[in-house]
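One letter stands for each residue in the lines below.
2 protein chains.
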Amino acid sequence: MEAKEISKAVIKRLPRYYRYLGELMEENVERISSNDLSKKMHVTASQIRQDLNNFGGFGQQGYGYNVRYLYTEIGKILGLDTVHPMIILGAGNLGQALANYVDFEKRGFKLVGIFDVNPVLEGIAVRGIEIQMLSDLPLFLKENEVEIAILTLPKIKAKEMAKILIDNGIKAIWNFAHIDLDAPEDVMVENVHLSESLMTLSYNLSEYRKEHEGM
Amino acid sequence: MEAKEISKAVIKRLPRYYRYLGELMEENVERISSNDLSKKMHVTASQIRQDLNNFGGFGQQGYGYNVRYLYTEIGKILGLDTVHPMIILGAGNLGQALANYVDFEKRGFKLVGIFDVNPVLEGIAVRGIEIQMLSDLPLFLKENEVEIAILTLPKIKAKEMAKILIDNGIKAIWNFAHIDLDAPEDVMVENVHLSESLMTLSYNLSEYRKEHEGM
DNA sequence: TAGATTGTTAATCGATTAACAATC
DNA sequence: TAGATTGTTAATCGATTAACAATC
Chain A
1 MEAKEISKAV IKRLPRYYRY LGELMEENVE RISSNDLSKK MHVTASQIRQ
51 DLNNFGGFGQ QGYGYNVRYL YTEIGKILGL DTVHPMIILG AGNLGQALAN
101 YVDFEKRGFK LVGIFDVNPV LEGIAVRGIE IQMLSDLPLF LKENEVEIAI
151 LTLPKIKAKE MAKILIDNGI KAIWNFAHID LDAPEDVMVE NVHLSESLMT
201 LSYNLSEYRK EHEGM
Chain B
1 MEAKEISKAV IKRLPRYYRY LGELMEENVE RISSNDLSKK MHVTASQIRQ
51 DLNNFGGFGQ QGYGYNVRYL YTEIGKILGL DTVHPMIILG AGNLGQALAN
101 YVDFEKRGFK LVGIFDVNPV LEGIAVRGIE IQMLSDLPLF LKENEVEIAI
151 LTLPKIKAKE MAKILIDNGI KAIWNFAHID LDAPEDVMVE NVHLSESLMT
201 LSYNLSEYRK EHEGM
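Chains A and B, in that order, give the protein sequences.
Residue numbering for the first sequence is 1 to 215, as defined by full-length UniProt numbering.
Residue numbering for the second sequence is 1 to 215, as defined by full-length UniProt numbering.
FYI, nobody ran anything at the bench for these hints, they're computed from the structure.
Predicted model, so just to flag it, every value in this text is computed and none were measured.
Incorrect hints may have been included.
What the hints assert, rightly or not - Distance condition first, Cα-Cα at most 25 Å in a straight line; then the derived DMTMM-like pairs of lysine to aspartate or glutamate:
#, chain 1, residue 1, chain 2, residue 2
1, A, K12, B, D81
2, B, K155, B, E196
3, B, K40, A, E207
4, B, K106, A, E207
5, B, K8, A, E211
6, A, K39, B, E196
7, A, K157, B, E27
8, B, K12, A, E143
9, A, K210, B, D81
10, A, K142, B, E207
11, A, K171, B, E27
12, B, K8, A, D103
13, B, K110, A, E207
14, A, K171, A, E213
15, A, K155, B, E196
16, B, K155, A, D103
17, B, K40, A, D103
18, A, K76, B, D180
19, B, K8, A, E196
20, B, K163, A, E190
21, A, K8, A, E190
22, A, K157, B, E207
23, B, K210, A, E190
What the hints assert, rightly or not - Some chain B residues flagged as far from chain A (calculated, every beta-carbon gap over 12 Å):
#, residue
24, Y18
25, G22
26, V117
27, E143
28, S206
C-beta: ideal position from N, C-alpha, C; glycine also.
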């Protein structure tokens, strides 16, 4: 039987729950009610209960939710209980920044390769991983198990490399290039369009100005 | 009279329209119908027309939309027709990566300062802007016009600096720290939670696996 | 047991899609 | 004018919130 599809909106909220539960754990909070959590997170208690119940009953009537248990369970749902080998394509500023993100490794996202076109970078180690040439990518993918590919290349190159990734069986792409990749539906693409995020901020700022300073 | 509020969902789609229109311009396409654009963007034509009509009638019956005109108008809506001086707090990998984003400057986002805690970085120039100490921030904000602050600091420091930014009249914060800033409602905060984005990808990947490989 | 709080159903709200009259 | 396509109203769909019975 097909489990009923969980909405994208719910899934995007999960990591935030996970973060708050992690913080509660650090503060040695043992249990929390949907109501108390709702106040901390500025969402409705109803939404919290609805969201969590998509995945099963994690709470207990009259008690609330056990923080550590819920944290662990959400972690499992997010796939943080297994190791995800990943590679970075593009060893520019952003690629290197991501390579140096300590948090990722802690959550099971293990960097196993970095690639670039620039021969000057070849062999330079970032976090103990030597930068390789993009031309070596197909062979690398055949010889190593890679789950996630991070794309921080300029858009033309990104499109080209996405094809190679997909042809070589990669099923998850974290895309930072300013394009929409056309991937088959068995390949997951998560986009981070930074300039679009900044434009949204700019919109809100301009809008606010118009309303408050006359226009 | 108060203009009716435009939904957040619509606003988040605007930069994507802007991007596609920019591409069409590069291809010298003069006009496009909502139907043709819908096929390119994989959204419904109805949504495109609805979205655009929130801001006024940009099209013409029987003709469609003039690409250049629509591009310019959306640019104005997004506030890209004016210069937004911005500063970066945190000159680590991510901060430097953002400082080097050429696209931002092209769109009017002008970097005017970079700050860090690390004295070793003091005076080093990134894109022609010398890194200053965070302790100089309050004075800098008083003497310079700054619209947008980019926060790429570790979370504890980020919270502290957000307060200083807000106290000094900054109205827009682009937050890359793994926290939710509590800002008054006249301060716009746009969050980029990279690890949460990666977790979403991880969820989708795990989910796909479960469905297709048995579990 | 009484009180608290979940899990879940029902009601509401908002966003998306469909349809079509207006009009270029 | 006839054809195309918008702008906009109405219908549908989905997501959020409210309510409350179940139960710890």
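Numbers of unmet hints, in rising order:
Hints 1, 3, 8, 11, 12, 14, 17, 20, 22, 24, 25 and 28 are the ones this structure does not satisfy, whereas the remaining hints hold.
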